[in-house]
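Participant: Chains as they are written, first to last, in the working numbering: chain Y, 1 to 439; chain S, 1 to 264.
Please keep in mind that the hints were generated in silico from the structure rather than gathered at the bench.
Heads up, some of the hints might be wrong.
Said to hold, decoys possible - Straight-line Cα separation of at most 20 angstroms, SDA-like style, residue types lysine to any residue; simulated pairs:
| hint | chain 1 | residue 1 | chain 2 | residue 2 |
| --- | --- | --- | --- | --- |
| 1 | S | K39 | Y | T436 |
| 2 | Y | K43 | Y | Q209 |
| 3 | S | K172 | S | G162 |
| 4 | Y | K432 | S | R4 |
| 5 | S | K5 | Y | L429 |
| 6 | Y | K3 | Y | I93 |
| 7 | S | K200 | Y | N415 |
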Amino acid sequence: MTKQIVFALALLATIGVFAYTISRIARFFMLTRKGFKVDKLGKRLLVTLKVAFGQTKIFRRPVIGLLHALVFWGFCVILFGSIEMVIDGLFGIEKSLSFLGGFYNFMMAAGDIFALLVAISIIVFLIRRIFLHVKRFEGIEMKKISHIDANIALTIILVLMLSLMGMNAAYIKWAQLAGHNIHGIYPVSQHLTSLFDGISVDGVFTHYQVYWWIHILLIFIFANLLPYSKHFHVFMSIPNVFLSRLEPLGKLPNMDNVTREVKLMMNPETAFSAPAEEAPIERFGVKDAEDVVWKSYFDSLACTECGRCTSVCPANITGKKLSPRKVMMDLRARMKEKGPHMLKNGRDYNDGKSLVRDYISEEELWACTTCNACAQECPINIDHPKLIVEMRRYLVMEEGSAPGELKAMFNNIENNGAPWQYSPEDRLLWAKDLETKAL
Amino acid sequence: METRKIEIPVMADLFAKGEKPEYLFWVGCAGAYDDRYKKVAAAFAKILIHLNVSFAVLGKEETCTGDPARRAGNEMLFQMQALQNIELFKAYEIKKVITICPHCYNTFKNEYPDLGADFEVISYIDILNQYIDEGKIKLDTNKFKGTKITYHDPCYLGRANGIYEQPRKLLKKLGGELVEMERNRSFALCCGAGGAQMFKEAEKGNKEVFLERMEDVLKVEPEVIATACPFCMTMMTDGIKYKNQEEKMRNYDIAELIAESLNL
Ligand code: SF4
Ligand code: SF4
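Isolated chain Y (complex conformation):
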C-alpha cells in the first residue's frame, strides 16, 4: 500500500508541475496573432503519419536519420510499457496489461528490443557530440548551455534504457525463481538474467523494484525537464507537424489589412461606401514577439536546435550572418523575456527592446534568398522564410528601411512596372526582327 501511495504522490507531483509549466508557456499564445485556420484534418493526419511517424524528413540524411528514427519509434513502443507501469504503480498490481495476450507479448518484445537499439543510438549520439566536431551543432546561437542541455538529455535517455533492460531482466529472473508465469517476451533481457545469479528470490525482487522505480521516476523527472530544454520537441514536434502549412513552400501568406488599403487606394469610391468602422490598428509585419502568428511561436517552441536548416542555408554556407535556426531560437528567447511582462502589464508593455534588431539584425534579415532550403530540410516542418519576410515587412512598411538598391527596385516597379529602370514602351524589343529557320 505504501508503494501505491508514494507512487500516486509522485505521479500527482509530476502532473502538477508539468501542467504548471505548460500553462505558463501556453499563456504566451494569447499574446500572438491569429494565423491560418486548422482545417483539412485528413490531410494533416497524412502529413503527420508521413513526416512524424514515418520520419521522412529525418531520413534525408540516411545514416544518422536511421538512428534518430530508431529512437523515435522506440519511444512510441516503450510508451506502452510506461503506461502499464503507471497502472501497476497506482493499483499495486504486476503487469496489468498482460491480459492483452499476443499483442502484449509483441509490445513487450518490441520494447525490449528497442531499448537496446535506442541505447546504442544514444551512445553514438553522445560520442558524436562529445568527440566529433559536427558543424551543424555549432554556430553563434549555440551557447555552451545548448550543448550541456543536449548531453544531459541524452544521458537521461541512456539511463532510462539501461534501467528498462535491467528491470526486464530482474523480472524474468524473479518470476523464474518464484515459480511465476513470465508475462511478455523479452528477447534481449532474457540474456541478461545471469547478472542476478546467486541472489535470493527476495534479493532479485528488490533489484526488480529498484530498477522499476529508477525507470519510472526518471521518466517523471525527464518529462518535467523537457519543457526547459531543446528536448521539448519530444512533445512539440508531432503537433507541430500536424499543424504544418499545407500550401506549397513558395507561397507567402497574404496580408489582408494591406489588401483593404490597396483596394481603397485603387478605387476611392469604395472609401465612401465602405462602413466607417475603424479596424483595430495593427502593426504591419513582425517587429517583436507579440506580432508573430501563433504558429510561428509554436514553431519556435518545437525547434530541436538540430541545425539541419542552417546547414543547408546558402547564406549561412557562404559565411553570411543569417542562420535560420537562430531566428527560431531568438523568437523563443524573446517571448520568454518579454512574455511574462506583457501578461502582467498588458500587450503594450515596452522594455525598449525588440526581436528585430536586439535579437535579429537587419543584416541577417536581408541575407535570405527565400530559397526555402531551410523549410524543406526541417524535420518538423518549421517555416522560417515566412517569418523572415514578415520581419522584412515590418522594416519596409513601418520604418521605410531597406537597402538602397531595394528601394531603387521598389521605385522602378512603381514607376516603370519593372524592377529595372526601363520604359514600358521597350517591353517588346525582344520580339523585334525575330526569324526562324524552320519553314
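Based on the hints, put chain S with the ligands in the right spot on chain Y.
Facilitator: Only chain S with the ligands this time, still in chain Y's reference frame:
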C-alpha cells in the same frame, strides 16, 4: 538555310480584331529587358509559333508581377501590382497563362488567388512536356548527342512548387548525357538571386552563393549548364565567367535547348 520572319501576336491587337487567343504568354521583366534572357523569351515564342499554338503577349501592357517587392517586404507595392494585373487579365478574359520565369509562375499560381485571381497558370516546362507527350514536338536527338548536360534546379520551380522531374524529362529527350550535381532536386543549392537578392549586393560573407554553386558544377564538368529561371541564368553565366570556364561550358535555358533541337 532559308529563314522566315516571325511576328509575335500582341493581346491588344488580337482583341481589337475580335480574336481571343487560348494562352497568354507572360514574358516577365527579365524576358523583356535582360539581354541574355530576351533570347530565352524568343526561343520559347518560336516554339509556340512552330507548334501553331494560339497565344499572345501583353507587350507594353505587361508589368511586374510584384514578386521581388513582396519578398523584399513591400507588400503594399506587391498588391498594387497584383490587383492591377488581375484587372487586366479580367479585361482580356485571360484564362490560361504560360510563364517562363519560375518567380512569376509561383506568385501567379500560389499567391494571386488570395487576391481574387481566377486563371490557370502553366509553366513552360509543363507545356513543353505536354507537347512532347502528344507527339507534337519532334526533337532532333543528334544535336546534343554526347553532350554532357547538368541541370541546376531553380528554387521556385523545385522546392517552392515540387517541379523536379519534368525539366529532367525534357533534358533526357534531347539525347545528351544528363549528369547530376551532388546537390540536386530538393537538396539543390540556390543560385543566390531569389528573394530580391537579384537587385542588391549580397551581405558580407566569405563567398558569393553562385560561386559556391559553381563548385558543384565544376565537379561534374558539364559542357552545358541547363537552367530554367532568369535569375539562375544570370548567376550561372556570371559563375562561368568568374571561374574562367567560357571555353569549356555554356549556360542555356531549357527552352533554348529545345528550340535548338527543333532547328528553329
Ligand atoms: S530561405 Fe533564407 S533562411 Fe532559409 S535556407 Fe534559404 S536563404 Fe537560408
Ligand atoms: S528549425 Fe527545424 S531544422 Fe532548424 S534547428 Fe529547428 S528543428 Fe532543426
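Participant: Against this structure, judge whether each hint is valid.
Facilitator: Evaluated hints:
1. This hinted pair checks out: S:K39 and Y:T436 have alpha carbons roughly 13 angstroms apart, not beyond 20 angstroms.
2. Taken as a hint, the Y:K43 and Y:Q209 pair is broken in the structure, with Cα atoms around 45 angstroms apart against an allowance of 20 angstroms.
3. In summary, the hint linking S:K172 to S:G162 is supported, as the alpha carbons are separated by about 19 angstroms, within the 20 angstroms threshold.
4. Taking the CA atoms of Y:K432 and S:R4, the gap is near 13 angstroms; set against the 20 angstroms cutoff, the hint holds.
5. With a CA separation close to 15 angstroms, the supplied pair S:K5 and Y:L429 stays within the 20 angstroms bound.
6. Simply put, Y:K3 and Y:I93 have alpha-carbon atoms about 11 angstroms apart, close enough for the 20 angstroms limit, and the pair holds.
7. With a CA separation close to 19 angstroms, the supplied pair S:K200 and Y:N415 stays within the 20 angstroms bound.
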